[in-house]
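Okay, here's what each chain looks like letter by letter:
Number of protein chains: 2
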Amino acid sequence: MPRNQQIVLEQRPQGAATVDNFRLVTSDTPPLAEGQVLVRHHYLSLDPYMRGRMNDSKSYAASQPLGEVMMGGTVGEVIESRHPQYAVGDKVVGMGGWQEYSVVDGGAPGLLRKVDASQVPLSYYLGAVGMPGVTAWYGLTQIIEPQPGQTLTVSAATGAVGSAFAALAKARGCRVVGIAGGPLKCAYAVDELGFDACIDHRAHGDLKAMSQALKAACPHGIDGHFENVGGYLLDAVLLRANAFARVALCGMIAGYDGQPLPLLNPALLLINRMRVQGFIVSEHMQFWPQALQELAGLVVAGRLRPRETVAQGLASAPEAFLGLLQGKNVGKQLVKLV
Amino acid sequence: MPRNQQIVLEQRPQGAATVDNFRLVTSDTPPLAEGQVLVRHHYLSLDPYMRGRMNDSKSYAASQPLGEVMMGGTVGEVIESRHPQYAVGDKVVGMGGWQEYSVVDGGAPGLLRKVDASQVPLSYYLGAVGMPGVTAWYGLTQIIEPQPGQTLTVSAATGAVGSAFAALAKARGCRVVGIAGGPLKCAYAVDELGFDACIDHRAHGDLKAMSQALKAACPHGIDGHFENVGGYLLDAVLLRANAFARVALCGMIAGYDGQPLPLLNPALLLINRMRVQGFIVSEHMQFWPQALQELAGLVVAGRLRPRETVAQGLASAPEAFLGLLQGKNVGKQLVKLV
Numbered sequence: 001m002p003r004n005q006q007i008v009l010e011q012r013p014q015g016a017a018t019v020d021n022f023r024l025v026t027s028d029t030p031p032l033a034e035g036q037v038l039v040r041h042h043y044l045s046l047d048p049y050m051r052g053r054m055n056d057s058k059s060y061a062a063s064q065p066l067g068e069v070m071m072g073g074t075v076g077e078v079i080e081s082r083h084p085q086y087a088v089g090d091k092v093v094g095m096g097g098w099q100e101y102s103v104v105d106g107g108a109p110g111l112l113r114k115v116d117a118s119q120v121p122l123s124y125y126l127g128a129v130g131m132p133g134v135t136a137w138y139g140l141t142q143i144i145e146p147q148p149g150q151t152l153t154v155s156a157a158t159g160a161v162g163s164a165f166a167a168l169a170k171a172r173g174c175r176v177v178g179i180a181g182g183p184l185k186c187a188y189a190v191d192e193l194g195f196d197a198c199i200d201h202r203a204h205g206d207l208k209a210m211s212q213a214l215k216a217a218c219p220h221g222i223d224g225h226f227e228n229v230g231g232y233l234l235d236a237v238l239l240r241a242n243a244f245a246r247v248a249l250c251g252m253i254a255g256y257d258g259q260p261l262p263l264l265n266p267a268l269l270l271i272n273r274m275r276v277q278g279f280i281v282s283e284h285m286q287f288w289p290q291a292l293q294e295l296a297g298l299v300v301a302g303r304l305r306p307r308e309t310v311a312q313g314l315a316s317a318p319e320a321f322l323g324l325l326q327g328k329n330v331g332k333q334l335v336k337l338v
Numbered sequence: 001m002p003r004n005q006q007i008v009l010e011q012r013p014q015g016a017a018t019v020d021n022f023r024l025v026t027s028d029t030p031p032l033a034e035g036q037v038l039v040r041h042h043y044l045s046l047d048p049y050m051r052g053r054m055n056d057s058k059s060y061a062a063s064q065p066l067g068e069v070m071m072g073g074t075v076g077e078v079i080e081s082r083h084p085q086y087a088v089g090d091k092v093v094g095m096g097g098w099q100e101y102s103v104v105d106g107g108a109p110g111l112l113r114k115v116d117a118s119q120v121p122l123s124y125y126l127g128a129v130g131m132p133g134v135t136a137w138y139g140l141t142q143i144i145e146p147q148p149g150q151t152l153t154v155s156a157a158t159g160a161v162g163s164a165f166a167a168l169a170k171a172r173g174c175r176v177v178g179i180a181g182g183p184l185k186c187a188y189a190v191d192e193l194g195f196d197a198c199i200d201h202r203a204h205g206d207l208k209a210m211s212q213a214l215k216a217a218c219p220h221g222i223d224g225h226f227e228n229v230g231g232y233l234l235d236a237v238l239l240r241a242n243a244f245a246r247v248a249l250c251g252m253i254a255g256y257d258g259q260p261l262p263l264l265n266p267a268l269l270l271i272n273r274m275r276v277q278g279f280i281v282s283e284h285m286q287f288w289p290q291a292l293q294e295l296a297g298l299v300v301a302g303r304l305r306p307r308e309t310v311a312q313g314l315a316s317a318p319e320a321f322l323g324l325l326q327g328k329n330v331g332k333q334l335v336k337l338v
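Going down the list, the protein sequences come from chains A and B.
This note's numbering puts the first residue of the first sequence at 1, with every later residue one more than the last.
This note's numbering puts the first residue of the second sequence at 1, with every later residue one more than the last.
Bear in mind the hints are in silico, worked out from the structure with no lab data behind them.
Ideal Cβ placement from N, Cα and C applies to all residues, glycine included.
Don't take every hint at face value.
Covered stretches of chain A, going by a simulated chain B footprint (3 or more residues, C-beta under 8 Å) [said to hold, decoys possible]:
#, stretch
1, 189 to 201
2, 248 to 255
Non-contacting residues of chain A with respect to chain B, defined by C-beta distances greater than 12 Å in every case (computed) [said to hold, decoys possible]:
#, residue
3, A17
4, L24
5, G230
6, L322
Using the sequences plus the hints, can you model the full thing?
Right, dumping it as structure tokens:
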């Protein structure tokens, strides 16, 4: 059996996460039992939600247990199978974790999904045509419910979720304004991702500046907002929201490391008769087939071709993950394992 | 024509409203033009939303203009009619304002509504079977959408909205927990309004104490909340909210006088996948007939018989209104004008 490199959670972060929170270990992959499949991971997905799970606090998902392999999405290839539905060579996406190989129960619903890598790059099943893409789709179609011509905003605009959001919103005839960190990301958002405008939050680092930038970029106000960040960005969006605006609350990465970030003026939700809804996409599996179909179609049509930031080798995962939390990646952050 | 006492907005409040913001004037009622109706008001409704309109700031409704008669709901009797649909003696509810008489265009949609005072007390059309009742109905049925057995909370529990909310929620098989100010109101909530429990916010005046009281009163957590007050009450509710809890945001009276009151931890909306929705009932007129029918039925059946606090004479309206803002009333605050 192949040797398997794994990264486990060594200790929980005190404040910001550091590389010392992780530890690289090596083990043998166990022999397969009847019904099991051995998958060699080609790519590991790094996602902001993982930071929340590193804390030992109440959240929608269980905390990442100490000493166990970090959870995470993976895409790879079946290299040994004792399950009739999987053959050697099948490309599969799953939650294999931060490791090079995983042994999966082939019969358990939802653990593995076969994918077609002939038209869509394999790595995209962790991004545009995977969980991040469906996240954008759900927030847009089920919470924001936009009308053509409406103005939508999204924070972390050039990330895996934001880039899918832009393509999906443009396909519905909306004006889409992104918020991202730095002039390079903003140029990428407009030049390659199809955003109508993108605001650099580093150049608009407080509520007043961000509110003014939103006013300029959204002359007819904001009808829908997809929140990945929280903090003063959300306060600024509320100041520019139109009546009956909707906010899909997907992430609040700005507050993951420390004290809760308050919402300055919740009365605006009442004044503007707004709807704010938090969600986690894994609780809405019934929408995935429909969402994945639309997302794959956009990729094949060349209307959703986001960049990826790829770190090489499992040992690089902790550093790449910390970079993701600091916004150093452009587009989907992956670790290539082959 | 009868002499008409009126109260106009003399100046906008600086911080808390005072009696000096108002001025009593007297005028003659004008002669009726064709199509008009002269209504003698029996009761004037005093409601928290009026405080918001006294400010000169962006809100869902136009500011109350300076020097003009204060807006407000009224119920009364037609004493002269030049409109074929109204006869002398008809009981009507409308937005007559803070005055003894009003001249109304009988043909304008939504300005006047004939009511039946034989089974429902006339004054109730300003409370339980009027705008406040429909407000409770809309928030409960269209936003909170409760299931039988769920636990719901409401602030300003003994007010006109809160008392209707309790009756409507009990009719749907829910546990209903109120939040009100002082032991007398809390006893009234449980003994007469049908609340399962009521928390005295004066005895639980900070986030920690309120959160603990909610935990005790809602051992299975909170599935839906109707917010009339805001501030630390809402923060405490969020700490006790169950997954997928809904908040109907109807009023934030705690912040009407001054600086915005922040929401301490909006990340809880995400963690609990909550939905928060602000609304104003006058934008949902299509639901009024259905709501009023249920509310009248509860009144006739004796299941919704809230108390009223009645000030006598138009000149008492400013003082009574300030008392309302301070929670001095029990149940619907009215001014009797006949």
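For each hint, the structure was consulted:
1. Only when three residues or more bring their CB closer than 8 Å to a CB of chain B does the claim for the stretch 189 to 201 of chain A stand; here the count is 0, and the claim is violated.
2. Proximity of the stretch 248 to 255 of chain A to chain B, defined as three or more residues with a beta carbon under 8 Å from a beta carbon of that chain, is established by the 5 residues found.
3. At roughly 17 Å, the least C-beta separation between A:A17 and chain B is larger than 12 Å, which holds for a residue marked as non-interface.
4. The claim that A:L24 lies off the interface holds: its Cβ sits roughly 31 Å from the closest Cβ of chain B, which is beyond the 12 Å cut-off.
5. Residue-level check failed: A:G230 sits 7 Å from the nearest beta carbon of chain B, not beyond 12 Å.
6. Against the 12 Å criterion, A:L322 stays outside the reach of chain B, whose nearest CB is about 21 Å from its own CB.
When held up to the earlier numbered hints, the structure conflicts with 1, 5 and fits the remainder.
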